[in-house]
Amino acid sequence: MQDRSNWDWDPGKRVVLDTAKCSEGVQWMEELHVSPDGETAAAICCTDEAEFGICVNGDFGEDRYEKAICPTFTPEGKYVALVSQDMEWYVSVDRELWPEGYGFLWNIMVNGGGVAVAVQQDMQYGMCVNGETWENLYDNANNFTFGPDGKSVAAAVQVEPMGQAEIFKFQSGIFSVAVNGEPWKEQFVNVYTPVFSDDCASVACQVRRSLYDYTIAVDGKVWNKNYNCVWEPVFKPGTKDVFAPVRIAGKWGMAANGELQWENKWTQLWQPQFSKDGKNLWAIGATGFGKFTVVKNNAPWSVTFPVVTDLVLSHDGEKAAAIAKKSGDKYTLVVNGSAWAGDYDMIFPPVFSPDGTKVGCVAEKNGKYNILVNGKPCGESFDRAFTPAFSPDSAKVLVKGVSGTEYSRSVLDATGF
Amino acid sequence: MKESKFDRKIDDIGLKEGIAKLTPEKIQQTFQKFMDSEAGAKLRVYHETCVRCGMCSEACHFFVSHDGDPSYSPVGKVTQTMNVLINKKGRVDAEFVYKCAQIAYTECNLCRRCMHYCPLGIDTGYIMSMVRRFCHLLGVTPQYIQDTAHSHSATFNQMWVKDDEWPDALLWQEEEARDEFPNLRIPLDVVGADIMYSVIGPEPKFRTQLIYQAAAILHEAGVNWTMPSLPGWDNSDMAMYTGDFEMMGRLKRAHFECAQNLKVKKVVMGECGHAFRSVYDMGNRWCGWDNYPVEVVHSIEFFAYLLRTGMIKMKTKFPGPVTIHDPCNIIRGRGLMDELRFVAHEIAEEVIEMTPNREYNYCCCAGGGVINCGPPFKNVRVKGNKAKAIQLRGVKEKGVSTVISPCHNCHGGLEDIIHGYELGMDLKFLGDIIYEHMEKTKAVE
Ligand code: SF4
Ligand code: SF4
Ligand code: SF4
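The listed protein sequences correspond, in order, to chains W and R.
All letters in the first sequence, in the order written, are residues 0 to 416 by numbering that gives the first Met the number 0.
All letters in the second sequence, in the order written, are residues 0 to 444 by numbering that gives the first Met the number 0.
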C-alpha cells in the first residue's frame, strides 16, 4: 500500500494533465487511468495503424506495441498493462517489460506490492508472478488468485487430459488446485475461488466432488460434509479456520470447518468478509426473494433492496457500506443500514476514511459524476471521476476527475460532512 | 404393459451408462426427496388438474409431425413419464428412467406452446423440465448436452473456450473489423460503460463474424460499450436444460457479477433465445433476485432502439421477401413479437408471415437443449418438426427464400430442417442484415 502520509495533502486544485497531450495526433486514446495518489494519469493510445503507445502524464516514451490491453494501477502507483510485440505478449510495469514473452496473457492481479498474471504458453496454462513463471503448466487453468504477501498464487488446474465429450472421465475428477505451480494430489470435478490464509501458508477453495456434492477443501483436505451448493470460502484472520456459505435444503447458512454456524435461513448468502481482527464476519445476504441486505455476524440490516453489491468494511471492521440498486434502476449507497438520500444512475465502490467516520464514492447522474462524502456532493461535477481517497487523519479528501480535457486532483476539506 | 416398454429407444452413452448405476432404491429415494423438497406441490396440482381432454395435442409440433401419434402429445409425454413416477411413488426400474430421459430431453423443447392451448393452463414444458431435473439427480442425461454442462462448470462457457481464447478472439475480430472501420475498438473491461455486450459460447468458437458484425453496429451507432475479458461473458446456459439448477445459478451469478463489476447500466445480449430465459426467468431467480439485477436487453429490443432513434440508418433494405421465425423464449416467453416485426420491416423490403406466428409459432425443434443432445438424436429431431417444414414450404411457395430468426438454437434447428426437407432457404440473424445494409459512415470508402 502506498504510504498516504507522503501524498500531497495541501488543499486546493491542481491540473495534472491536459489529456489533449495524449490524444493529439493519435488515432484514438483509450480510457484514462489515474494512480491512487492522483499524481499520474495514463492511457493506452493507438498511435498509428496497428501501433500502440502508453501515454503517461502526456509523455509517450519510445516504445510502441502491436497491441496494449488491460491497463491498471497498483495500489503503490505502478502502471501495469499487457502488451504484444512480434506476436508475443509481455507484462509492462511502468513501461518496463518483464523479460519473458508468452502466447497470451490475461487477468492482471495486484496484491501486497506484487503483480501476477495468467499465462498461456504453447497452449499450456499457468501463472507468472513478479516475472517468474510456474515450472509446471497445465492443460487448462482458471480461477486465479494472488495472496496478500504479493508472492503466493494459486489456481484451479486441469491435471489430466480429456477427450471430446468424455463425460465420465470428467466426472471422475480431472481438476485440482496448483499453489505456486505445484498441484494438490487430490482431484475434483470442479474447483472454484481458491483463497489464501493471511500468512499465505494455506489455501481453501470450493470443490465439487460429484455432480451433486459441493464442499470446501483446505490444503487438499475436504470438509467432512457435502452440500447442495457452496460459495467462496474465507479464512478467519490469524487462524486456519475457514468459513463459507453453504446451501442446505434450499436455504443458505454459514459453516465453519464443516459445522453450521449461521442457521440455514437465508435465501442467499455470499461474499463473506472478515474484519481484519477476525471479530466480525460480514456477508451479502437475502432475507427473502428479492430482499437483499448486508449481514453482520448473522444479523441482517433492517433495510432490504432488490440488489446489493460491493460490500466494503471500515478499517476497524465495525462498519460497512454497500451499493444498493432500488426499483427503477436507481442506485444508492447504504452505510450501516441507512440508505443515503437521493437516487443515482450509478454508484461506484465506496471507501471509508481511516477513522471510519466518513464514506466517499463516485456517483453518476445524467452523465455527470460527483464525489459524494457521507451522501453529500463534494467539490465540482466531472465528466468522469475516480475513486476518492481520505487523508491519514481523515480530515481531507482527495478528489480526482476529468472535465473536458483537463484531469485534476483536488484536496478538499472533509470535516464538514 | 410394463411401464418401461419403449419402442423408439435411441442408443446414447450418457443414458446407457447413467442407468447402469441405478438401483430401484436409489430411484425411489431420489424421487421421494425430489418431490418432498423441490417440486412436489406444483407437480401434484398439475397431476390432479389435467382432465386428459387432449386439447394440447395439436399444439405440439412433435404430435403434429408424427401424424398424431398420441405418445408425442404433451399429455402423452406426461402420461408416460411424470404421471407414472407420481402414481408409483418413484418405484420404477432403470429402463423406465432411460425412457423418461429420452422423452424429456429429446422429445420436448420446453417451448410452452401447449400451455397456450390447455384450458387449465397446465405447463407441460415445466413438467418436462422437472422430469429432466429428476433424471439429472439420477445422473441420467444424454452425453452431448451433459458435456456442454460440464464445459459450463469448468470454464463458465458452453464451448470449452479457455480463458485466453476469449479475449484473443475479441482482439482478432477487432483487428479484422479495423480494415473496414479504421477506428473501431472492442473495448475490454471499461468500468462505467453504458452497455456490456454479451454473447454465447459458440460465437468466439465458430461464429466470430457475429462478434465482428456486432462491433461494427455498436461502433457505427456510437454506443458507449464494453465487453468483459474474464469468464462470465457467456450468457448461455445448458445446465438449465440438463436440470442442474445449482450450476445454472452459479453461471448466472458469474454473468451478472461481470456486469456489476463493470458498473454498466445494461447488458445487451446477442441473438439468443434460451440464454434470455436463463437470465430473466430461471437463473436470476435461483440466485434470489426477483428480476434481473442488471437490466438485460435482447438484441431485438436494442436494434429496435437503434433504428427508432436513428443511431443506425439503413442504406438499403434486404431485397426480396423474408419470413420471420419467432423464437419461443423471447416471443412466447417475453413478448417481443411487435419489436421483432418492427425491426424486420425496417430492414427488409417485404415480410411474408408464416402461419401460425408470434406466440403461436411452432418451435424450431432445436430449443430446450434438444439440439445439444447431439448426433444420436438428430434424425428424430428433424423428423419431429415436419410441422415447421410445412410452414416454411408454405412461404417458400410465396417466393420467400430467406428466414430471419434472432436465436442461435433456432438457426441450428432450422438449418437441419431446411436441409432435411430440401427447402433451399437461407437463414439470417437480424444483425447479418443490419450489418450488410446499414449506412456505414465510419467505414473506409
Ligand atoms: S389440454 Fe391441459 S387438461 Fe387437457 S390434456 Fe392437455 S394438459 Fe391435460
Ligand atoms: S415441445 Fe413444446 S408444445 Fe410440445 S410438449 Fe414440449 S412444451 Fe409442449
Ligand atoms: S431454439 Fe428457438 S424456437 Fe426453438 S425453443 Fe429455443 S427459442 Fe424456441
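Treat the hints with care, as some may be off.
Claimed, not checked - These stretches of chain R come out as covered by chain W in the derived footprint (C-beta under 8 Å, 3 or more residues):
1) 83-92
2) 110-119
3) 157-167
4) 224-231
No wet-lab data here; the hints were simulated from the structure.
Given the structure is predicted, the values throughout are model-derived calculations rather than measurements.
Note that CB positions come from ideal geometry on N, CA and C, so glycine has one too.
**Prompt:** Among the hints numbered above, which are violated by the structure, and what are their numbers in rising order?
**Reply:** 1 and 2
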